[in-house]
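Chemist: Taking the hints into account, I'd like the entire structure generated from these sequences.
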Amino acid sequence: MPTARIPENTKERQQLLALRERLAEDAGLATEGTRTEDCSCPRGGGWRPGAGWANRQARQAEIDAMPAHQRPPMRMLGRRSEPAPPLQFPREGRGPGASPGAAMVDVDAPPLATTHRRGQRIVLAAVSPEAGALGLHPGMPATQARALVPELDLRDSDPEADAAFLARLALFAARRWTPAAAVSGADGVWLDLTGVTHLFGGEAAMCRRILRFCARLGFTARIAVAGTTGAAHALARFGAEAVTLCRNGGEADAIAPLPPAALRLGEPALSAARRFGIANVGELLAMPRGPLGRRFGQRTLERIDHALGRAGEPFQPIVPHEPPRALLRLLEPIATAEAIAQVLADLMALLVAQLERDGLAVRRLGLVCHRVDGEEQRLAVGTVSATRDAAHLLHLLSLKIERIEPGFGIEAMELVAVRSEPLRASQIGHDLGDVAAAPDLPPLVDRIAGRIGADRLFRVSAVESDVPERSLRNAGPLDEALDWPSGWPRPVRLLARPERVDKVIAELPDQPPLRFSWRGRTHRVRKADGPERIYGEWWARANEADAVRDYFQVEDEDGARFWLFRRGDGTDPRTGDLSWWMHGAMG
Amino acid sequence: MSIASPSTADPRLNALRAEVRAIESAGHLGTAGLLAFGIADIDERLAGGGLARGALHEVAGASASLTDDAAATLFAAGIAARLEGVVLWVLTRRDLFAPGLALAGLPPSRVIYAECRKDEDALAVTEEGLRHGSLAAVVAEVGRAGMTATRRLQLAAEDSGTAALLLRRWRSAADPLLVPSAAATRWRLACVPSEPLPTAGIGRPRWSIELVRQRGGPAHHWIMEGCDEAGRLACPVAPQHRTAAAGGTRAAA
Numbered sequence: 000m001p002t003a004r005i006p007e008n009t010k011e012r013q014q015l016l017a018l019r020e021r022l023a024e025d026a027g028l029a030t031e032g033t034r035t036e037d038c039s040c041p042r043g044g045g046w047r048p049g050a051g052w053a054n055r056q057a058r059q060a061e062i063d064a065m066p067a068h069q070r071p072p073m074r075m076l077g078r079r080s081e082p083a084p085p086l087q088f089p090r091e092g093r094g095p096g097a098s099p100g101a102a103m104v105d106v107d108a109p110p111l112a113t114t115h116r117r118g119q120r121i122v123l124a125a126v127s128p129e130a131g132a133l134g135l136h137p138g139m140p141a142t143q144a145r146a147l148v149p150e151l152d153l154r155d156s157d158p159e160a161d162a163a164f165l166a167r168l169a170l171f172a173a174r175r176w177t178p179a180a181a182v183s184g185a186d187g188v189w190l191d192l193t194g195v196t197h198l199f200g201g202e203a204a205m206c207r208r209i210l211r212f213c214a215r216l217g218f219t220a221r222i223a224v225a226g227t228t229g230a231a232h233a234l235a236r237f238g239a240e241a242v243t244l245c246r247n248g249g250e251a252d253a254i255a256p257l258p259p260a261a262l263r264l265g266e267p268a269l270s271a272a273r274r275f276g277i278a279n280v281g282e283l284l285a286m287p288r289g290p291l292g293r294r295f296g297q298r299t300l301e302r303i304d305h306a307l308g309r310a311g312e313p314f315q316p317i318v319p320h321e322p323p324r325a326l327l328r329l330l331e332p333i334a335t336a337e338a339i340a341q342v343l344a345d346l347m348a349l350l351v352a353q354l355e356r357d358g359l360a361v362r363r364l365g366l367v368c369h370r371v372d373g374e375e376q377r378l379a380v381g382t383v384s385a386t387r388d389a390a391h392l393l394h395l396l397s398l399k400i401e402r403i404e405p406g407f408g409i410e411a412m413e414l415v416a417v418r419s420e421p422l423r424a425s426q427i428g429h430d431l432g433d434v435a436a437a438p439d440l441p442p443l444v445d446r447i448a449g450r451i452g453a454d455r456l457f458r459v460s461a462v463e464s465d466v467p468e469r470s471l472r473n474a475g476p477l478d479e480a481l482d483w484p485s486g487w488p489r490p491v492r493l494l495a496r497p498e499r500v501d502k503v504i505a506e507l508p509d510q511p512p513l514r515f516s517w518r519g520r521t522h523r524v525r526k527a528d529g530p531e532r533i534y535g536e537w538w539a540r541a542n543e544a545d546a547v548r549d550y551f552q553v554e555d556e557d558g559a560r561f562w563l564f565r566r567g568d569g570t571d572p573r574t575g576d577l578s579w580w581m582h583g584a585m586g
Numbered sequence: 000m001s002i003a004s005p006s007t008a009d010p011r012l013n014a015l016r017a018e019v020r021a022i023e024s025a026g027h028l029g030t031a032g033l034l035a036f037g038i039a040d041i042d043e044r045l046a047g048g049g050l051a052r053g054a055l056h057e058v059a060g061a062s063a064s065l066t067d068d069a070a071a072t073l074f075a076a077g078i079a080a081r082l083e084g085v086v087l088w089v090l091t092r093r094d095l096f097a098p099g100l101a102l103a104g105l106p107p108s109r110v111i112y113a114e115c116r117k118d119e120d121a122l123a124v125t126e127e128g129l130r131h132g133s134l135a136a137v138v139a140e141v142g143r144a145g146m147t148a149t150r151r152l153q154l155a156a157e158d159s160g161t162a163a164l165l166l167r168r169w170r171s172a173a174d175p176l177l178v179p180s181a182a183a184t185r186w187r188l189a190c191v192p193s194e195p196l197p198t199a200g201i202g203r204p205r206w207s208i209e210l211v212r213q214r215g216g217p218a219h220h221w222i223m224e225g226c227d228e229a230g231r232l233a234c235p236v237a238p239q240h241r242t243a244a245a246g247g248t249r250a251a252a
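As they're listed, the protein sequences go chains A and B. First residue of the first sequence? That's 0 in numbering that gives the first Met the number 0, and the numbers climb one at a time after it. First residue of the second sequence? That's 0 in numbering that gives the first Met the number 0, and the numbers climb one at a time after it.
It cannot be assumed that every hint is accurate.
Said to hold, decoys possible - Part of the chain A face toward chain B, derived, beta carbon under 8 Å: (1) Arg446; (2) Ile451; (3) Val459; (4) Ala461; (5) Pro476; (6) Arg525; (7) Ala527; (8) Glu554; (9) Asp557; (10) Gly583; (11) Ala584; (12) Met585.
Note that these hints are calculated values from the structure, not bench results. Every residue, glycine too, gets a C-beta built ideally from N, C-alpha and C.
Modeler: Take a look at the structure:
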């Protein structure tokens, strides 16, 4: 590689020559213009071809001649070869040229295929790219696939879950991309792009955006945009590209090379096409219409009309659920609690009418107050069971009215049923002799929970644990609560944590105390019962492997009854240090 | 003891008493009914022959000790257990132990707890529970409750027929029952030594039950045996009368 070719450009040539002379002078070498022209290196003592130092000065000169931003960094100066370009991996799905089915094959992942039952056979429903690369294809019997690829990961297909996900995707599309979207078959979504593409920067940009979204979800998607549903359906499934944009009026040309199955024909029509040797749609379109209808059926003509736009094909768009809401705009801004309560009552009447019409009831209700200064004040109340009782909901909201800051006034108020459920008739009694109606607790629970917080209203349910402080848990206020095993003495007041008891006189190993001192008072025990031995939970906590508590209930000379325990069983020092602790009062 | 019980007075006095009671309770006393203790000794001392259901009753320990407080808690739990239905128990402290309540006849399926930070919240929640009307009783553990607050609770209890039990807890050295209140009855509970068993062990607890005040009747004082698993009290049997009284009073529970 010639490192310092003197440029032909005269100005640069002059500069370089001058530079080289100066360098040679600095090195104390004689300058010979003619020779420097021909040879890039200084001739003189010690020079030999290929010597590294011989090239260095010339290279330095070349570097110096460069503009500052083009000079190579220091670490590249001694290199002989250019650095390799940074590693770049091809990224799938980017750009219009990316092949639709060409997902990257990961050699480490085991090939995956899903199966479904067709008649008596179990066949592959779908294959992963890895499995497809090994020659498996949908429709192949599962036994054959397993024989071909022994390490094949076969799983059952779940068409219901697929359909549910596709419905969610269509719903998302209806919320995000276009108001008219619907599920198409088992593997597609219709999007009516009329009048929406400009919001996303045109058809091509919108398609790329949707493809990127699907890629983020982990799907390989294909999109076709066409003037007719039939052409879009055919191009999306049988086209060559991931994104196909079909110009208006060009549907017939676009679908001509596709196989006849692209037209959504039935199996008789397809077999007839095979019998006639028809390989693509173009040949089908070229046939005269009368014989075509007689040979292939009226349905085929309809499908052709759908594809070419001679007949419309409407689809039923998915309508996203809109929460029931009521909005009132006020003539004059309001600021007082009474006025807010009045508007709230009017709103509630409107909302309840809507809910009754739809057969819904509220689980969570939101109130939005739009203030004059553009701020929003929000309130929310929840109910423990679905209700559309206006008085009850109003009461729940009225508990929180004082949290609204009206500012300069509220000009509009909106009530939204954020979460609603269908309200059905429920059975209120199942016993013929049951005269007393079951208590209607949910409204009470809502009211109290609205006042003190939902987590502060609870039932206490049993937990399978012998350790007293761990034998209970909080359950929901309307949940089923379990009872404790009966027959064991338990105090009605339990200390949050056991308190140390001093000056205990007790006989070992298992006698109750005769005297003890607690909270500065000495108690003489007259009657006692125990011990009730409770072992530590060695299966859950390592530090309780040997722990033992011996519980006693004792009565002192005044009749006061206590529940206290001793750590340790009195014989084995590993079970505890024999200290006494007060844990509760029996009453 | 010389004051006769209402039933033995002459009819004119009885009629007057009934009239006054009707005015005081605005006619609601009769609709909710009475809850008898099932012990003749107590019931005949109570105006009307039992605890009025739609009324406010206050219970407190005789001292600030935890054991007297526990006795008062069990006494209130026993009253609530003998009513039918769900009980709302309003807490302000976290020392109530539900397995102990279950032993007094209130299994966990019958109790809903509401934990409040302040006495004012507890009183408001109690009133909410009383006004709802489908609960058997509302038990509220509060330290301070003035005349106005108790009056509100009493009116709410009268309206709905739900029993209101106010468990007054000692917050300072002052007896909470010295503060005036609109409660129909006020009770003070203390532990007293129980009867020794012939063998080693511990028997049924014994309480000193003091009826400090009741509307329409005199105060009184009993020594009773504590709540059993259904919330019932029992009349203690003196050792010297054991054979004579064993059939009657003990089984009266």
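Chemist: Now tell me if each hint is right for this structure.
Modeler: Evaluation of the provided hints:
The restraint placing Arg446 (chain A) at the interface with chain B holds, with a minimum CB-CB distance near 5 Å, inside the 8 Å limit. Taking 8 Å as the C-beta cut-off, the interface hint given for Ile451 (chain A) holds, the closest approach to chain B being about 6 Å. Proximity of Val459 (chain A) to chain B holds as hinted, the smallest CB-CB distance being about 4 Å (cut-off 8 Å). Proximity of Ala461 (chain A) to chain B holds as hinted, the smallest CB-CB distance being about 7 Å (cut-off 8 Å).
For Pro476 (chain A), the interface hint holds, since its Cβ comes within 8 Å of a Cβ in chain B; the closest pair sits about 5 Å apart. Against a cut-off of 8 Å between C-beta atoms, the interface hint on Arg525 (chain A) holds, since the closest Cβ of chain B lies about 7 Å away. At a threshold of 8 Å, the smallest CB-CB gap from Ala527 (chain A) to chain B is about 6 Å, leaving the interface hint in force. Nearest Cβ of chain B to the Cβ of Glu554 (chain A): about 6 Å, under the 8 Å cut. The hint holds.
The closest approach between the C-beta of Asp557 (chain A) and any C-beta of chain B is roughly 7 Å, which is under the 8 Å cut-off, so the hint is satisfied. A cut of 8 Å between beta carbons decides the hint on Gly583 (chain A): the least distance to chain B is about 6 Å, and the hint holds. Using the Cβ-Cβ criterion of 8 Å, the hint placing Ala584 (chain A) at the interface with chain B is satisfied: the shortest such distance is roughly 4 Å. A hinted interface residue such as Met585 (chain A) counts as satisfied when its beta carbon comes closer than 8 Å to some beta carbon of chain B; here the least separation is about 6 Å, so the hint holds.
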